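A.B. asks: Mind docking these for me? Both chains are given alone in their own frames, and the hints should help you get the complex.
Each chain, written out:
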Amino acid sequence: MSGSFYFVIVGHHDNPIFEMEFLPPGKVESKDDHRHLNQFIAHAALDLVDENMWLSNLFCDVLFSLITVHMRFIMLHDVRQEDGIKNFFTDVYELYIKFAMNPFYELNTPIRSTAFERKVQFLGKKHLLS
Amino acid sequence: MAQCVQSVQEFIQDSFVPLVAALCSEEAERLTRRNNLSFAELVRPFCRLTSEVHMRDPNNQLHIIKNLKIAVNNIITHPPQPGAIRKLLHDVVSVSQPAEGLVANVITAGDYDLNISATTPWFESYRECFLQSMPASDHEFLNHYVACMLVVSSSEPDPVEQFLKLSQEQHRIQHSNEYSYPKWFIPNTLKYYVLLHDVSTGEEQRADSIYEEMKQRYGTQGCYLLKINSRVSNRGADEQIPDPWSQYLQKNTIQNQDSYEDYTVSNKNTDHLISDGTDTEIKDGLSNNFKTHPLQLDHPSGSLDSTDYMKASTSLQDSKKSNSGTPHGACLTLTDHDRIRQFIQEFTFRGLLPHIEKTIRQLNDQLISRKGLSRSLFFATKKWFSGSKVPEKSINELKNTSGLLYPPEAPELQIRKMADLCFLVQHYELAYSCYHTAKKDFLNDQAMLYAAGALEMAAVSAFLQPGAPRPYPAHYMETAIQTYRDICKNMVLAERCVLLSAEILKSQSKYSEAAALLIRLTSEDSDLRSALLLEQAAHCFINMKSPMVRKFAFHMILAGHRFSKAGQKKHALRCYCQAMQVYKGKGWSLAEDHINFTIGRQSFTLRQLDNAVSAFRHILINDSKQPPAQQGAFLREYLYVYKNATQLSPDGPLPQLPLPYINSSATRVFFGHDRRPAEGEKQAATHVSLDQEYDSESSQQWKELEEQIVAVINKGTVPSNFQPTQFCLNRYSDNSKFPLAVIEEPITVEVSFRNPLKVPLLLTDLSLLWKFQPKDFSAKHDGETKEQGTCDEDMVGTEAIAEFLINSEETKVARLKLFPHQTGELHILGVVYNLGSVQGAVSLDGIDPSIGLQTGKFVSNGLSVRGRQDLEIQGPRLNNTKEEKTSIKYGPDRRLDPIITEEMPLLEVFFINFPTGLLCGEIRKAYVEFVNVSKCPLTALKVVSKHPEFFTFGGNTAALTPLSPSASENCSAYKTVVTDPTSVRTALLSSASSADFGVGMGGSPEVIQVPLPDAVLLPGASVQLPMWLRGPDEEGVHEINFLFYYESIKKHSKMCHRVLRHTAVICTSRSLHVRATVCRSNALGDEEGRGDNMLLFVDVENINTSETGVKEFHIVQVSSNSKHWKLQKSINISGDKDTKLASRERAKLCFKAVRCKNSEENYTFADIVFGNEQIISSASPCADFFFQSLSSEFKRTQVQSHAHASQRAMKQSFDETVRLIQRCSEVDLNIVVLWKAYVVEDSKQLILEGQHHVALNTVGKEAFSFPQKQELPETVLLKFFRPENTPVPARPTPEQLSNLIKTSLHYPESFNHSFHQKSLCLVPVTLLLSNCSQAVVDVMIDLRHKPTSSEALEIHGSFTWLGQTQYKLQLKGQEVYSLQLKACFVHTGVYNLGTPRVFAKLVDQVTLFETSQQNSMPALIIINNI
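Taken in sequence, the protein lines are chains G and Z.
Just add 45 to wherever you are in the first sequence, counting from 1, and you've got our numbering.
Under our numbering, the second sequence has 682 at position 702, and the numbering climbs by one with no breaks.
Extracted from the complex, chain Z is given alone in its bound form (with noise of 0.2 Å):
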């Protein structure tokens, strides 16, 4: 219950107060009728008393009587009507609302914190009104009439003959039976005789003595003369007087309405009090007995029609207006307020309280003898045959008794008189006594009605008893609100006793039992006292030690219903948005909607419309639960909310939707224009599009290739302000910087929608919202900075979608455009459409809502509201500096903020007869067409690729090197030549420089230069370029990114170049695998006496599966390409004219290969042919890829030794020699097999060529076309130390020695002597020393070695050198030197000669090597003997 003004002894005293009659004659009521009041109103401010009275009470005791307060009613004949007084309360409580700026207080239990207005003043003004308005019953005399006042004016032509015909009046209506009301507490009542005198027009003398005749006649206690309106009316303008009938009339309004119905008298009989109470119940029962659940959503369609109800509200508030506006007691002075004060004491001191008293003591009288004679008779038999305590019969028995009544004068009742009457005298001791005697009478009669009261009020006055000598009896008050309920149905005694019982209770702070005293009393009968009950109720659980929130948000939701339920809206709004304070953000969804819903709907119906629109976005937004079809309401109903809302203010700010959820870190913004479809056989670059999805590896690729580019157009830098060009922004690419947009190309915002409910969404005439900065680049400074806030044309072009619809539990991406005009800096705010429903398709997921939306009739329900959603991106989270990594910083996110630049070039690219699978080597020609679509002349095209060795344009050698017919009519990709059949296994030579294709120069050979006819492309010129494509060497599939790179002829501060990017996608199949060795050739000398020769074996495997239908493949040519050597000849044994190789097969091919004398700038090709045309190798697209090809050998053999150019450093002095060495056996031999490939196809036979590199880097040592993939062992240990230095080694490896002198035997293998002749057999043999390396090297040969071991001793220990056995000389680089020695034999047998031993060192080493290679190959000789 929540806190009062009064306390809770006023309230009762102030609850129950002696009634005085007024009969005023009609003059008199003309009089105070001047004032606007009537007589009762005219005083009724001044019926308190401020000064004590005394009494003395039966046993002369003297008792004093503080703050007295009496009541002066009209006397009106019959009893209120139930609908009047319902009437009357339900205005009282809408009247009164919580003030404004009302400070509530917020009460924090466990973890809710809420604001409550503690006190309730509608309650309080309900209450009050309900306890005056009661209608007297015949059980109690609380309410009856003690005295009665008799008003007449001096004014009139008779005032005693007046006063004569009152007292009749008042004695025929308390009298006669024509009258049942009003109810008089005694038969003789007090009459007191007023004489009414107005100052301003009556005669003062007069009056006078018509008082003192009046004194003479009733006494002067019984009399009084009361003057007033002494005020002129003319001058009262400028007296300000205090209006003391303000704060009381409003409440006053049942005697008004009364006073004006008919006068005429109910013809009820006695018992009507009793069927009074029965009667409401009915009519309310047929009223309320709609069946309906407490809680039942009303149905949402009828909701929004109240207005018959606004518009009786808005009379009321007139007539209230109206009632309050006119001014009181116009015509009264302060003097005149002071005499009324005056007359009411008089009347209390001298008539009232002196009546009391007597009637007090004269009832007392009588129950002194009554008891005196039958009841303690009876009492004391009772107690003789009963036992000491009377046997309290339970409620359920005495059922049947309730209609027994006493007559109005029964000595029953007057135990009962007596203790009213001490109770509103305040004599609570008596009272008390009295209440409990006359309680025990009525329960041993068991009049059930008489006895509920008397508990009432013996409870009320044990309570009021000062100091309080016995607990208060609450089960007094249980019982008689029982009786009053159960059995005598009469609900409006039942609601007194529950307001008594809960204030006391409260008052004690048992809030519980109050709260169930009030709950107890909640009915179907009454709303409006249901609903005051239960917000007590709910406020006594609030206001308990350990607050039970939890039940004062449910019984503020049942309060808040009842509240709707009668009718009080705003008091319904207010308990619901209390109640919400608990259910909020709990996940009680349910509740929470139907809340929201009602406070929704309650403040529309008050015109709260921004309320409504809040609640009902609460709805809309969480995460319902609720069937479709209640979703589809609420959607419908949020609509019409809003609709009204922005009715109201047509020129206000778009509001913000709730619908639908906007996802916007995955808002996507693409630059540029939608990519072209391919047009037949052009294909167009894949470049970006909003359909693909992000791919982080590959965008870093991007990045890295146009790192690349930059880096090489810069010269080995990449500028600091360097930002790499994003097409698509989205949440994963670096959104730190603002985007650059170039000016007319469109920008595309992809906005992620996302509809969370179960009906669909239909938005109309969607679109973005932008601001938009004119500012001009070029000239350097800043343009004046425009803002506009809603689309301006000329500007930015902004392009609206139609229709966009979001089915049920959707996400759904909408793509919105814009189209700078203007550079400038734009910044894209949000969304704005109209947000409507979709009619009908609510029902069933069957009916696909895609049928209508081409018709376009999803907006005929017409609800449909302009909003509009902003797009907020937060950045990413910063995790920098330790500031950034404790705190949470997020960073800028300037996706939708991009800088509209200067018009730039725009490249578009189409590929003509790109293929999408080739054989692994396969050479194709393919065309590149590029356009140049924008109005910007382009320049320094250039194209990069982490694959360069997959593609050419061409070398510059290629406008020299003729066409020839046939490459022509074969469409081969090769320049060919026609051989004449002769030159077969000959070498054809030429030569070309790898400079002229562009690569070896250093720099990054990723980078290629597009050969541009005149470097620039004009807008709107488009220019084809061959381009040949060699399939990669892995098998698989092969993504192969190009990064074409163009920049306008213009420079632009912002934007200095563009990019355009393409994928494309090769499938490559296995075809040949090619080995190749070099070993030295052991001949000495060629035709030309050269000493230096090699021979190369190349082994071309077949490994084509013969699934792509490959039939066979021919080896049309090897070529050579070198500095150093070229291919001689071909050594084919088989002597066919070229190899075919049918699937796994293999072949093996010899060549021999000699030095040749070159410049260090060119290389030597040298093309073998083996059909009947040559493919000059020097030329495009061969030479290309072979140096493509090399370069990227290169670049891998770089890696591998930048692995270990540290330790090199270390042993500077010894690598030298150790390189010497080496190079002995390097050779830079490069070979290329190309190949055709017989291909069926469709029954069609096709021709495919293709070539393979082999780089041949050392002597002996096996070279592949593809690197083998190394198998990697299945588990690497970890280790947790670092890998030692492997050691260099410190001499060079006997292999590398070996090969630094090559040395040969020349003799002749058999050798006839006669030994029988002679017998000493000498042979000649001659030591071919030759230097392979290009240095100086001194040579040691010493030819007395002894082998150690035995078993070679046996072997040859009898031969000998002969002459010099040990030489020292010194050979030039590539010298050649032959040693004469002679062998000398004397037996026959086979020997061996290879026992010299030749040791090698570089001229400026100390170290010596042996080369002992060349000895474990035995060199035999036969000597036979003739």
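Looking at chain G on its own, in the form it has when it is part of the complex (with noise of 0.2 Å):
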């Protein structure tokens, strides 16, 4: 049983700079008409991020993680898989940690490294849909 997730990572200034759906694997393509409502949703959840802020992780409909820099992962979700979105949020926290080291990637900008799209979606794979 694994529903569907949509993880986002939002930057200082509110703006997506990551993005990435996961489906299981029966559900081959989202319904298009509705991605740009878990935008909608994912950005008004940043309002409750921000609300939350000092307060420890939070764990509802709409999930997300405060991490360091302002930057905040937000992970949408239909079903209830807490150890996995947390240990999924650990993994991507490090990993992006690393790649904002790399000298030639400006903060708060759209990431567009395929190889950490891939690393996302692996462990999208293993902490979330298995």
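In case anyone wonders, no lab produced these hints; they're calculated from the structure.
None of these values were measured; they are calculated from a predicted model.
Glycine is no exception: its CB is placed at the ideal position from the N, C-alpha and C atoms.
Keep in mind that a hint or two might mislead.
As the list claims (entries may be wrong) - Facing chain Z, from chain G, some residues (calculated, C-beta under 7 Å):
#1 Asp59
#2 Pro61
#3 Arg80
#4 His81
#5 Gln84
#6 Phe85
#7 His88
#8 Ala89
#9 Leu91
#10 Asp92
#11 Ser158
#12 Thr159
To be verified - Some chain G residues close to chain Z (C-beta under 10 Å, calculated; not the full set):
#13 His57
#14 His58
#15 Asn60
C.D. replies: The structure is reproduced here in structure tokens:
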């Protein structure tokens, strides 16, 4: 049993710098019509993130985690899978920190690295969809 | 929640006012109708009391009522229909739009600056209208009628009778079971009798008398005489009377509509109210049951035909207009207004309030009596048994009891009734305690609806209590809302509750709670309500202490979506636009696209086409993550909207199109015709074309070449205004000056388009947009400057591309041409085209769109709009001055602003038989054809190249030398003469001057004049000229650039010359390698007795590897050219006629050279022929290449000598000496080795010819045909100091000195002497001294030399020189002196005679140099004894 997930990293200016969708193996393509909804919800959730910034990580319908340097990782999910998401966030955080150290990457700009994408995809498969 | 006009208190007070019913007789109704008003409408503007009212509460306390308002309504005997209410609300909202010039507040939150209108008047209107139109319910009495006005006109025949009738009617409505509606507060409703008197028509006495009668019957406090219509209609025009009705009547439409409906009474039973709510829900549920996602995009195709709605809304607008257009109160004067106001006041003071006071008192008494008996007892026992507090039961447990109903006059309701009355007269303390009690009762009875009502009102009255003794019980409200919604399923009541609570919470700055409430009430059943509530929730978020901008935006989007579903297009658009401010430019592309799309579509339906266009434009120009199908839909919609927009203003300027992208900096401009393709053997000059990539190195080379040639033309200096010709302007070229284009020659502009979409774009009728300013440059004054925006074929012809398809995400260049027909200034502004989409090509990449392209079917969907895009090119950033460095400034880029000049000649060059591969040093003959394709004669044709030694057009002597017949047979490149075999090995002499070959006269040898027959090439004429090529000495691929320069016969101010470029690519392979040395011959004198001769050794090696199929090389001739020397004969030991060299073979040739007498100018050519043909080396092309190699050699040495120039200057005096001495060892002999190569190619034997040059400068030094590459050290250490000047040798090297004087001893090799006869043997020895230099030299000869070393002593210790042992001589230049010496021997043996030491010095110098060189070589003599 695994639902679909939408993961986004949001930069300082509320700009998404990385987006990815994880779909269960059965579902090939999410309905294109609704893809923008994920963005709407994730964006609106930023206010909640800011509100709970100094509280502990909060798990609710929209789960998010607050990371240093005000980069925000937000995960939208339709099934409860707290451990998986937690592990996923930890790993992606590590991945992101490594990526951000790349001197050729300007912070806060969209990540356009296929390697990063591949790794996140892998982590997603490992933690979320398994 | 947005700010409201009313305060919370005002709002709540106005929401709950005492209701008064009005029952009018027909005649009375007719009277008021004259003013276009019903009676209720007539009094409405005057229903608020301006003065304070006092009343006594049940405890006889004085209570002050401020600002009381009452509502007078006509009696309507059936409840308002939900549909009608919905329509009314819809209209109210859609009419109320934000004011045009409303200044929005700017809210700054974090990074966001948002423009948000602070007020939402549509919401307030909605709220007011909603509360007013609420149907009366059984569980509360707030909107039950407290009193009833019976209105009768005085003009009726019997008003008193009429009053009775009306009174009965009222009684019937209230008490018979026939009508369940309207609701009445208490059974004995206050009846107030109003006599309406029309002043203008009625008799005043009659009215007064009737009023008197009424007073007696009903008491003074129960009746009133109202006089109206005192205004005479015909004089009303000039009198301005305020119209207080206009602001009320808009909201009053429900009454109007209902009154127009049938007067039939609905047969619904008493529980109608409850079922009503569910009814609504079911109906709405059906209508909204589309199972659509809240934010789903409508299907794009079905979107644009919303004209139905348009019509509907316009008709609505019309009806509104007609409604508001008719004036109200036309027959009323200001006195009448005052009378009405007076009437209401009187009614309230005298009639209503005493009635209410009395009722409250009665109810209070009842309650006290009941409480005394049962309730208090009940509570007491309960207290005893269950402790202090009544356990509150959870809502869920109480669910089943929601249907519990009390009969209208049930005692449980009395307290509620009293509470409501207290509330209506603003006695909130009492109301609160009553509500509180009622709440407890109802909860105990588990009458949830009643309990919820009580809770709601308890909360409100608690809030309204002056001084606020207790905090606002928000949980009461919570419970009430939950109960209404979940248990009672009554959304209307829940909504009222939410509206009240949200307003209260807002006033307490509890925005998040308010927002939560508002959001919780949004549901599928009513889009309008959901939309409004969501919008208010959004406003709550933004008004919070730390504004939640993103939630605001999200809820605005949701509200907008709901508005659009509810058909409120304008509100929807406004919401989306406000939300857009948050999402804009952040990178949430899908969300942004969605918003833009909605904005675009809503704007379109509202006919705001410009907004629609710009919204759609945003979707298309941003990086889109949408799938192709969606993009295709967006594009189509955009085009459709655009088409509509442009149709509205067909005469307007062409719109700017957003697609496809233009990479303007990649724009290239090319001047001139396209390159003509090669025709057969003819090979056109490569020139420049747009297909070539830009190469900065080569362009720099071309620039240098042009500078060089211009410098030669202008006698050594480049003019300051010189501008190198640029055929192709691009981002790398220097675009700071206006480029020059020639009239009638095309200008090609290459525009780089990029399609960012995943669907192909089709551009049709694509052409350039320009502006032209005609000017006559020769006339020296500007002609009238006309500006043409559009195409004028007379001036500039424009070529259009009919169809230009750009596939998805493709970058493609379009080449657009202009043909200028007049001189002037052209400005290329941009491109103009029809943008269209391709039908059906959206599907898959596999479908080749080019198939359809030919048929032109793509245009079939017809959706294309014409527009333009400007080409604006930013120049390079300036970085020269300090100001430019510190600020960011950009220079101009004039790529697209060419100046059209007068006509210039245009040259085309073709090469015939031009080889691609050559052996090193190979000579090949080719032809060049020059064609003047213009209408203008050209002259001063020159060519410049970095490699002038590569080619020649033949020298001036070419015409003089006769063509040899054999040369033409063999197709030899050389001019040859058949020689007779006897002359072999002796040189054949000829001479030529370097001037004949255009070399050596100074200037730059790179510039070569092309020998045109008349120096002019007429229009259309063509000339073929021979051209010889010599393969470069270096192996490999050579790119050789030719720059042809020519001028017009007429001189222009703008363009002085033109150039043509050609790049030849030659691949050379190795052939021969020649090394040569020259050394002084020791032989004294030649046949002619001359003292100077040399031996020349030529070492020829075949370094060709056989891969090219070269079988063997034959050396056919060796020629020398020198000013002072010549080859005399070949000293060939083997006696072969010519030397054959197979691969990797080597041969050595030996020649004798002698000094020749010659003038300084001419070179002497001496040919030594090995074959039977003499190649005339002094003629073209042999001599040409020789001289070119010479000059390049000269250049090389010059460069080297320049390096030492400074040091030379220091030792000027000394230098003289050195020079002189050095010159002794210098020769200037140049050798040309001519060869033939036998090549087998395709089983055919070819004979190739070639020549190699060796320049011999120094005696004894080896020279090469091609300078060996110097092995550079692998790593060069970085040096941080200047290299010290290598000190100039103070003395000439011994080697050089030894060459000053040549000495040789002449003696018999063996000498027989009989020592028996004579003990002393005397041998005559001749010492020959020859001065090699041109100067006079003092020579000292010392014979006394005794070698110091013992070893040497042993060898020749025993001979001595006799006679004078020291000589001092003076030798003139080139003089030979022979000195007779005698050596004396005493023993037999072998002796070395080489002991004399010769010292030499130049006459005018002091220093003495020893020429010790000769001593090293032993001069042995054998003395024999006979």
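A.B. asks: With reference to the structure, classify each hint as holding or not holding.
C.D. replies: Hint-by-hint comparison with the structure:
no. : hint   : result
1   : Asp59  : holds (5 Å)
2   : Pro61  : holds (5 Å)
3   : Arg80  : holds (5 Å)
4   : His81  : holds (4 Å)
5   : Gln84  : holds (4 Å)
6   : Phe85  : holds (5 Å)
7   : His88  : holds (5 Å)
8   : Ala89  : holds (3 Å)
9   : Leu91  : holds (5 Å)
10  : Asp92  : holds (4 Å)
11  : Ser158 : violated (16 Å)
12  : Thr159 : violated (16 Å)
13  : His57  : holds (8 Å)
14  : His58  : holds (5 Å)
15  : Asn60  : holds (4 Å)
Comparing the model with each numbered hint stated earlier shows that hints 11, 12 do not hold.
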